[in-house]
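*Asks:* Given next are the chains, with one letter for each unit.
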Amino acid sequence: MRHRWLPFCVAAGVMLWSWSLPSSTAQAPAGAGQPAAQGGRGGDQGGGRAGRGGRGGRAAQPATPSKPTPRWPDGRVNLSQAPGVKGFWNAMSGSPIGPNGLPGNLTLDQVPFQDWARELYAYRQSRGGLDDPHARCQPAGGMRFFTVPNGMEFIDQPELQRIFIIAGENRDWRRIAMEPGRKHPPEDLLIPSYFGDSIGWWEGDTLVVDTVGYNEKFWFIRGGLPHTRFMHLVERFTRTDFDTLRYEVTIDDRGAYTRPWSGGWNIRWQYTNYDASSGGEIHEYFCLDNERDAVEFAGK
Amino acid sequence: MTRLMLTICAAIVLLTAGAVSAHHSFAAEYDSTKPVNVTGAVTKIEWNNPHVYFYIDVRDEKTAKVTNWAFEMGAPAVIARNGWTRTTMKIGDLVIVTGSQAKSGKPHGNARTVTMASTGKRLGAGSSEGQPPADQ
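Chains Y and W, in that order, are what the protein sequence lines are. In this text, residue positions in the first sequence follow this note's numbering: the first is 662, and each later residue adds one. In this text, residue positions in the second sequence follow this note's numbering: the first is 295, and each later residue adds one.
Mixed in with the good hints, there may be bad ones.
A partial selection of chain Y residues facing chain W, derived with a Cβ cut-off under 8 Å [said to hold, decoys possible]:
1. C798
2. Y935
3. H944
Below, simulated DMTMM-like cross-link-like pairs (lysine to aspartate or glutamate); rule was C-alpha separation at most 25 Å, straight line [to be verified]:
4. W:K400 / W:D354
5. W:K384 / Y:D936
6. W:K338 / Y:D936
Quick caveat, the hints were computed from the structure, so don't treat them as lab data. Nothing here was measured: the structure is a model prediction, and the numbers come from that model. Think of the CB as a built atom: it goes at the ideal place given N, C-alpha and C, for glycine as much as any other residue.
Take the sequences, apply the hints, and build the full model.
*Replies:* In structure tokens, the structure reads:
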């Protein structure tokens, strides 16, 4: 009874977030171990040079047209720095629902919540983020890794059949196994974690990453969309031009949603340091360094 | 009644979604209906992530009581974009701070702007509530 009005919050969110119907392109993987393919997909997004003082998210609009997508000498797409051009990816924000993402993102009322998950989400919203583990400096698990500031880089090591994604945020990193035919460990051997077990492969110019084995100790996106240990993410990374990394994700979680659903956002290339000085290098950010908020939260 | 609820909920959604660069939402800790505008001398500065904190002694002119207020700003790299450096504010500097008080009611706030009393220079404090209009 105390929260009978909470469903109205969902309605309010829907009214505030006016966006269009989904056009999700992320799909569940047909299988791992596909060979790297060449050529093909050109940029279909406008460039977004995050220049001096610019923010890496949607607000960073192009000052000049973006350069073409960079490639390695063997033709594969280069998701990292190119020779002579420093910088890093910086999303600053992003959401798989609503206007803070791709045009085809679902509206809140289109998200196929299970009833308990819808209620929990409304409750989390009503608390204004007070219960967010990330506000207590817990890792930005799952796709949230790609929404926090402080920058990230792809470290592509094809000779070792792996890709690392390193972040300034708490110096977190993800490891993507690129070995052909690689499978996830059996469920009873998976240790639930913030970033899960990831295997990847290339589909044309798109890096596809399949991840399972998440714990339930984080909110996978700001705002608190619920998930369970059954969450399975399929992420698709497409560098549509030099300055734009299109991030698409399919959330398959039979514990919290009635069917898989998809969304995404664009991540922009930042040429400066995070503080807008020249350099283009990610920096150190440890949330626990001077964390004072948890005491205030506990005092509520 | 429903309209009132929707208005409240809309505010919740906006507050939750708006503060995208802080590690916590503004609404989780601070109350935008409790504005703060105080003047005091800086007693301590913590130039760290996830937030720069500074402390000032604020004197109540009526009671002469001095209260030490703590203020949160954005991360060092965030407020650097507003012109801050580690030496912009020093111990003993007199500053005028606007912002919002913590929901706890303690002498603790989220700084929105900081004005150096000696020069009149005003800098945005990287508030998770949003950036103030630039005037520097």
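*Asks:* Against each hint, give a clear statement of whether it holds in the structure.
*Replies:* Here is how each hint holds up against the structure:
| no. | hint | verdict |
| --- | --- | --- |
| 1 | C798 | 7 Å, holds |
| 2 | Y935 | 4 Å, holds |
| 3 | H944 | 6 Å, holds |
| 4 | W:K400 / W:D354 | 15 Å, holds |
| 5 | W:K384 / Y:D936 | 21 Å, holds |
| 6 | W:K338 / Y:D936 | 23 Å, holds |
In this structure, every one of the numbered hints holds.
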